[in-house]
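Chains S and C, in that order, give the protein sequences. All letters in the first sequence, in the order written, are residues 1 to 327 by our numbering. All letters in the second sequence, in the order written, are residues 328 to 694 by our numbering.
FYI, nobody ran anything at the bench for these hints, they're computed from the structure. This one's a predicted model, so the numbers in the text were calculated from it and none came from an experiment. By construction, the Cβ of each residue, glycine as well, lies at the ideal position given by its N, Cα and C atoms. Be careful, since some hints might not be right.
Negatives, chain C to chain S, calculated, CB over 10 Å [to be verified]:
| id | residue |
| --- | --- |
| 1 | His522 |
| 2 | Tyr598 |
| 3 | Asn616 |
| 4 | Lys619 |
Dumping the calculated DSBU-like pairs for lysine-lysine here, alpha-carbon to alpha-carbon at most 35 Å [stated by the list, open to error]:
| id | chain 1 | residue 1 | chain 2 | residue 2 |
| --- | --- | --- | --- | --- |
| 5 | S | Lys204 | C | Lys472 |
| 6 | C | Lys683 | S | Lys95 |
| 7 | C | Lys495 | C | Lys653 |
| 8 | S | Lys297 | S | Lys41 |
| 9 | C | Lys619 | S | Lys204 |
| 10 | S | Lys263 | C | Lys527 |
| 11 | C | Lys466 | C | Lys444 |
| 12 | S | Lys204 | C | Lys683 |
| 13 | C | Lys496 | C | Lys509 |
| 14 | C | Lys440 | S | Lys312 |
| 15 | C | Lys534 | C | Lys509 |
| 16 | C | Lys519 | S | Lys95 |
| 17 | C | Lys472 | C | Lys499 |
| 18 | C | Lys532 | C | Lys366 |
| 19 | C | Lys495 | S | Lys263 |
| 20 | C | Lys532 | S | Lys264 |
| 21 | S | Lys206 | C | Lys619 |
| 22 | C | Lys469 | C | Lys440 |
| 23 | S | Lys204 | C | Lys621 |
| 24 | S | Lys312 | C | Lys519 |
| 25 | S | Lys312 | S | Lys95 |
| 26 | C | Lys683 | C | Lys472 |
| 27 | S | Lys312 | C | Lys535 |
| 28 | C | Lys466 | C | Lys653 |
| 29 | S | Lys312 | C | Lys366 |
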Amino acid sequence: MYCIGIDVGSVSTDFVVMDEDYKIVHQIYLKTKGNPIEAIKEGMTQLRRRFYKEQIKAVGTTGSGRSLAAAIVGADIVKNEITTHGVAASTLNPKVRTILEIGGQDSKIILLRDGVISDFAMNTVCAAGTGSFLDRQAERLGLKVDELGQYALKGKNPVRIAGRCAVFAESDIIHKQQLGCKIEDIIAGMSEALVRNYLSNVAKGKELEETVFFQGGVASNEGIVSAFEKELGCKVIVPEYHKVMGAFGAAILAKDLIERENKKTSFVGFEAGNYNVITESFECSDCSNHCEVVLLKSGSRQIGAFSDRCGKYQIEKINDSNDSLES
Amino acid sequence: MKITFPHIGDAHIVGSLFFNEIGIQVVSPPLNTVSGLEKGSSIAPDEICLPFKLMISNFISAYEMGADTAVMPATIGPCRLGEYGELFKSILDKHGYNFNWIIIDTPTAIGKKELLKRLNLLISERNCKMADVFIALNKTYKVIKRFESLEKRVRILSGYERSRGECKKILKECRSRLRNSKDLNDALILIKEYHHKLSKVIIDKNKKPIRILLVGEIYSMIEPFANHRIEEMLMDRGVSFEKPVTLGWWINNNITNPFYLFLFARKKNKYMPYSIGGYAKETIEEGMNSKKNKFDGVIQILPVGCMPEIVSKSVLNQISREEQIKVMTVIFDEMGGEAGYITRIEAFIDMLGFAKRGEKRGNECIA
Numbered sequence: 001m002y003c004i005g006i007d008v009g010s011v012s013t014d015f016v017v018m019d020e021d022y023k024i025v026h027q028i029y030l031k032t033k034g035n036p037i038e039a040i041k042e043g044m045t046q047l048r049r050r051f052y053k054e055q056i057k058a059v060g061t062t063g064s065g066r067s068l069a070a071a072i073v074g075a076d077i078v079k080n081e082i083t084t085h086g087v088a089a090s091t092l093n094p095k096v097r098t099i100l101e102i103g104g105q106d107s108k109i110i111l112l113r114d115g116v117i118s119d120f121a122m123n124t125v126c127a128a129g130t131g132s133f134l135d136r137q138a139e140r141l142g143l144k145v146d147e148l149g150q151y152a153l154k155g156k157n158p159v160r161i162a163g164r165c166a167v168f169a170e171s172d173i174i175h176k177q178q179l180g181c182k183i184e185d186i187i188a189g190m191s192e193a194l195v196r197n198y199l200s201n202v203a204k205g206k207e208l209e210e211t212v213f214f215q216g217g218v219a220s221n222e223g224i225v226s227a228f229e230k231e232l233g234c235k236v237i238v239p240e241y242h243k244v245m246g247a248f249g250a251a252i253l254a255k256d257l258i259e260r261e262n263k264k265t266s267f268v269g270f271e272a273g274n275y276n277v278i279t280e281s282f283e284c285s286d287c288s289n290h291c292e293v294v295l296l297k298s299g300s301r302q303i304g305a306f307s308d309r310c311g312k313y314q315i316e317k318i319n320d321s322n323d324s325l326e327s
Numbered sequence: 328m329k330i331t332f333p334h335i336g337d338a339h340i341v342g343s344l345f346f347n348e349i350g351i352q353v354v355s356p357p358l359n360t361v362s363g364l365e366k367g368s369s370i371a372p373d374e375i376c377l378p379f380k381l382m383i384s385n386f387i388s389a390y391e392m393g394a395d396t397a398v399m400p401a402t403i404g405p406c407r408l409g410e411y412g413e414l415f416k417s418i419l420d421k422h423g424y425n426f427n428w429i430i431i432d433t434p435t436a437i438g439k440k441e442l443l444k445r446l447n448l449l450i451s452e453r454n455c456k457m458a459d460v461f462i463a464l465n466k467t468y469k470v471i472k473r474f475e476s477l478e479k480r481v482r483i484l485s486g487y488e489r490s491r492g493e494c495k496k497i498l499k500e501c502r503s504r505l506r507n508s509k510d511l512n513d514a515l516i517l518i519k520e521y522h523h524k525l526s527k528v529i530i531d532k533n534k535k536p537i538r539i540l541l542v543g544e545i546y547s548m549i550e551p552f553a554n555h556r557i558e559e560m561l562m563d564r565g566v567s568f569e570k571p572v573t574l575g576w577w578i579n580n581n582i583t584n585p586f587y588l589f590l591f592a593r594k595k596n597k598y599m600p601y602s603i604g605g606y607a608k609e610t611i612e613e614g615m616n617s618k619k620n621k622f623d624g625v626i627q628i629l630p631v632g633c634m635p636e637i638v639s640k641s642v643l644n645q646i647s648r649e650e651q652i653k654v655m656t657v658i659f660d661e662m663g664g665e666a667g668y669i670t671r672i673e674a675f676i677d678m679l680g681f682a683k684r685g686e687k688r689g690n691e692c693i694a
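Same shape as in the complex, but just chain S (with noise of 0.2 Å):
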């Protein structure tokens, strides 16, 4: 029997299969290129290749659109991004105590003491330490973002630039570019940069103690490991699966429900992946809230309903861990 965990996130959707004993046997990572329903859809496309419905035990949402792949899927929990990294790490290693995390539109610190999230932090306002700096920055030196790590590295002497505000470090970047600073040295700068806004905006008052992960997307690069290592003064190890901790996470708290309270999956099937789902938005003008409904739909059949702070768009609640979520 296998428990699937699925993260839908801003810029990546992440899909993993585990097996009964909490190994990852197959993963998926899919952009979500501003379309999370195609991306659910398609990640449910190709797991159908590979598994049937009754080899499903439990299934797990997380992420910014997890309310959404819950009611596409059929999911039996439904978690935050920040408990699902927390006990991804702590499976996988019960030593860790320092989680970073680093996404597309938001960063997250994680500290964890015997195993259990002690205490937590996000980014606040800006986004100039996320995943879409990077990506937007690559762009505009005409790389791709997996090639930013390689440059860096080979940065011998990193310019200084300011990471506190994206704005501000792009024209910093075009600044030391226009004075023939080498690329190398830029990227590394920047990667400085980046990690150094990290660590005293969202890390700031935490005792980061060893053993540190670094999961999210960001954690492929190189550059920024380094960077991060140099700073802390410590090793920072990057699990094998940093990529789709999330979606880990959500599998593992999936099938700790299903086993702990007997129930049967809520799992739709994979056949999902076909479905013809649309949504339907509109400004509800029956009461003064004035919310702004979003339906979910297959077909003429209504799979879910969102934003509705009255409740009268919910079909029957589908099981009490996800009635919280919509409200």
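Use these hints to put chain C onto chain S, whose structure you have.
Here is chain C on its own, set in the frame of chain S:
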């Protein structure tokens, strides 16, 4: 004369009942919405805090609905909110919304005589006696107190109820019926009925729910739109929580109890010996006592641009380290997306749950 006043929580319900009682017509603007906020932001100074933008949008809507007199309660003090009455007047006048302004302030700030004079303006057109006004005021205060005690019970009990959502439903029903109640006496009877209903909810005393204390800026604490309905979010997740700052608390401390401010100013604590305006000192004191009062965690509500709460945020961090209590600050702004707030609050509840139950993987999933 048609009067109006800005929204703050359920003030429009009791406010309307009060003014109807003394025979003054009230225009209650529609509840806060995103489109209303846009209207407010367009004429408010950009750097001002969220409460200001929301309140100014209420005045605009009310003006369009035919209101001609604006009543604004204020407490002159180092926090900007105290001066908002004057600022509203100046901005709205400039944009052609010409209200007659009645700015009600504390007796300590403007003197009893001036306060009575301003209150007199309210009833100048009507032939009702000052005594009747005071009787109505007293009854209104009673309604506020009784309704808030119902709210308080719901907040605590929602962690203990056997079937999730029952307490919340009772509170919601009571609120919507209160809106349609005839007068203050009717409202008092109604609230009593719902107190009784709440007592009948089946409670599981063996449950050990997470206990959270909500602290922070007064307007965002009371107005559900400004805090993205954080209370309902917590009730849905079976959290038992308390919120010391309410409308009744403010009325008691600023109007009915003259000794409160005097005593409060003399109460020293090691983190903040003086009042720095707003409710920073209150926030800090509540945070300090939260461990003693057996709370598992504290959530601070901070609207962007609130100076006193920014100060208390850093003090709360220190308290968190020294007193070993978990504190999370949620910053609210014009941003409408709720996913970020839900993620943070849910993760905070999960984290407190792990610590409280000593489990590895949050086996009691609250999601």
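Status of each hint after checking the structure:
{"no.": "1", "hint": "His522", "in the structure": "24 Å, holds"}
{"no.": "2", "hint": "Tyr598", "in the structure": "16 Å, holds"}
{"no.": "3", "hint": "Asn616", "in the structure": "21 Å, holds"}
{"no.": "4", "hint": "Lys619", "in the structure": "21 Å, holds"}
{"no.": "5", "hint": "S:Lys204 x C:Lys472", "in the structure": "41 Å, violated"}
{"no.": "6", "hint": "C:Lys683 x S:Lys95", "in the structure": "21 Å, holds"}
{"no.": "7", "hint": "C:Lys495 x C:Lys653", "in the structure": "26 Å, holds"}
{"no.": "8", "hint": "S:Lys297 x S:Lys41", "in the structure": "14 Å, holds"}
{"no.": "9", "hint": "C:Lys619 x S:Lys204", "in the structure": "27 Å, holds"}
{"no.": "10", "hint": "S:Lys263 x C:Lys527", "in the structure": "31 Å, holds"}
{"no.": "11", "hint": "C:Lys466 x C:Lys444", "in the structure": "22 Å, holds"}
{"no.": "12", "hint": "S:Lys204 x C:Lys683", "in the structure": "25 Å, holds"}
{"no.": "13", "hint": "C:Lys496 x C:Lys509", "in the structure": "22 Å, holds"}
{"no.": "14", "hint": "C:Lys440 x S:Lys312", "in the structure": "51 Å, violated"}
{"no.": "15", "hint": "C:Lys534 x C:Lys509", "in the structure": "39 Å, violated"}
{"no.": "16", "hint": "C:Lys519 x S:Lys95", "in the structure": "55 Å, violated"}
{"no.": "17", "hint": "C:Lys472 x C:Lys499", "in the structure": "17 Å, holds"}
{"no.": "18", "hint": "C:Lys532 x C:Lys366", "in the structure": "47 Å, violated"}
{"no.": "19", "hint": "C:Lys495 x S:Lys263", "in the structure": "28 Å, holds"}
{"no.": "20", "hint": "C:Lys532 x S:Lys264", "in the structure": "30 Å, holds"}
{"no.": "21", "hint": "S:Lys206 x C:Lys619", "in the structure": "24 Å, holds"}
{"no.": "22", "hint": "C:Lys469 x C:Lys440", "in the structure": "25 Å, holds"}
{"no.": "23", "hint": "S:Lys204 x C:Lys621", "in the structure": "27 Å, holds"}
{"no.": "24", "hint": "S:Lys312 x C:Lys519", "in the structure": "28 Å, holds"}
{"no.": "25", "hint": "S:Lys312 x S:Lys95", "in the structure": "46 Å, violated"}
{"no.": "26", "hint": "C:Lys683 x C:Lys472", "in the structure": "33 Å, holds"}
{"no.": "27", "hint": "S:Lys312 x C:Lys535", "in the structure": "31 Å, holds"}
{"no.": "28", "hint": "C:Lys466 x C:Lys653", "in the structure": "40 Å, violated"}
{"no.": "29", "hint": "S:Lys312 x C:Lys366", "in the structure": "28 Å, holds"}
Of the numbered hints stated above, those contradicted by the structure are hints 5, 14, 15, 16, 18, 25, 28, listed in ascending order.
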